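Taking the hints into account, I'd like the entire structure generated from these sequences.
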Amino acid sequence: MTSAPATTVPDALSAPLPDGRGELSAGLRAALLAPPGAPVPDPAAAAGADPLGDDLQLSLYLAYELHYRGFTGVDPAWEWDPGLLRLRAALERRFLDALREGTAGHPDLDAVLEGILVEPVSGTGVSYHLSDEGTLEQMREYAAHRSLYHLKEADPHVWVIPRLRGRAKAAFVAVEYDEFGGGRAERVHAELFAALMRDLRLDDSYGRYADAASAEMLCTVNLMSLFGLHRALRGALVGHFAAVETTSSPGSRRLARAMRRLEAGPAAEHFYAEHITADAVHEQVVRREVIGGLLDDEPSLARDMAFGVAATGWVEDRFGVQLMSAWQAGRSSLRVPLDRAPAGG
Amino acid sequence: MVLTGEGPLLVDGPVELTLDDGTVVTSDRFKVAVCTCRRSRTYPWCDTSHRRRSRP
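So the protein sequences, as listed, match chains A and B. By the count of my numbering, the first sequence reaches residue 399 at its end, each step adding exactly one. By the count of my numbering, the second sequence reaches residue 58 at its end, each step adding exactly one.
Just so you know, these hints were derived from the structure itself, not from any lab. All values derive from a computational prediction rather than experimental measurement. Only true hints are included.
Derived DEER-like restraints, expressed as beta-carbon distance ranges:
id, chain 1, residue 1, chain 2, residue 2, range
1, B, 28, A, 136, 48 to 56 angstroms
2, B, 14, A, 80, 50 to 58 angstroms
3, A, 177, B, 40, 21 to 29 angstroms
4, B, 19, A, 80, 56 to 64 angstroms
5, B, 5, A, 186, 31 to 39 angstroms
6, B, 21, A, 375, 41 to 49 angstroms
7, B, 15, A, 212, 20 to 28 angstroms
Okay, the calculated bits of chain A under chain B, using three or more residues with CB under 8 angstroms as the criterion:
id, stretch
8, 165 to 174
9, 229 to 236
10, 295 to 308
11, 337 to 350
Some residues of chain B that are not near chain A, with every Cβ distance over 10 angstroms (derived):
id, residue
12, 3
13, 18
14, 19
15, 20
16, 21
17, 22
18, 23
19, 24
20, 25
21, 28
Heads up, the beta-carbon is just placed ideally off N, CA and C, and yes, glycines get one too.
Here you go:
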């Protein structure tokens, strides 16, 4: 199939095209530099790749990112290329199977929500480590990783809006409006994160640290794109949203404390301080109105919502373990250490 | 306004609150969660400190 380029205007907002991490992603990367319709790797090859590994997760990331801000030098018409979408579907099936397997036997909706509402007296994990003893360099690594999401914070969730109605829709949009700064550009959460990155002497350009990010980090971003882009997974997307808004407030308090302790700068502290109070509100609105409203409209989605909550916890835990094990071994958690990155840093 | 069973008072924003020492604080969020348990470290705004805590 051939198609005319959708636009000849260069994408000023696009990201640099990441390097391949294996046969699948290198093949897909090469195809993206050719005109749409060029052959992409055979979807059957997805069967041989680790569903949570670098090669498959980067391939998914490349496919999904075409729906956000795209890549420099890549024709935007690739977004709807049938060959690429066939490959993406095969990758998604592997990923979704791995998510279902990893969360098999998760509790029902009431129980998973109850579970994330309880704060441990003495917790462990990345935000505790950074709050109490992490180094500035570890904080910079954490921010570089998270930039893959926070520079498009709340974007993947927008796709669910046409699939909601009434109470759930009104409340969901209200929370998203807050995420997007309530009509004020300087308060858009993605902009607050860009300012945080500048305080940490990181490059705040979109997609700048994609090559440095681990497969575990890519999983957390791909999870949102997967849930967001499929109407069939709308319940899981809402579950994901609820999980993030519920767990963010206490975690943000620890990260704001870390920024203060490390004297990272006012914008770095503000990003997390803003999320303490914002997400305390969002959690209430999401649980009462979004989940409550959607359950009234589509009670059969309770299972998918519970899956969304469980899968979010599962990919976040894997990411946390990856960071902590690298740091405990005295290594960088990034694939490309910041001091060796080509620009910024 | 909604008085939640477990935690804050939910009020439609913007909100202007006078604290007991006369300080006036404002929030222009679409909805504001006002702390009622007095445990918030961002008082008068809720920071989820009302949540149950458990030993792991």
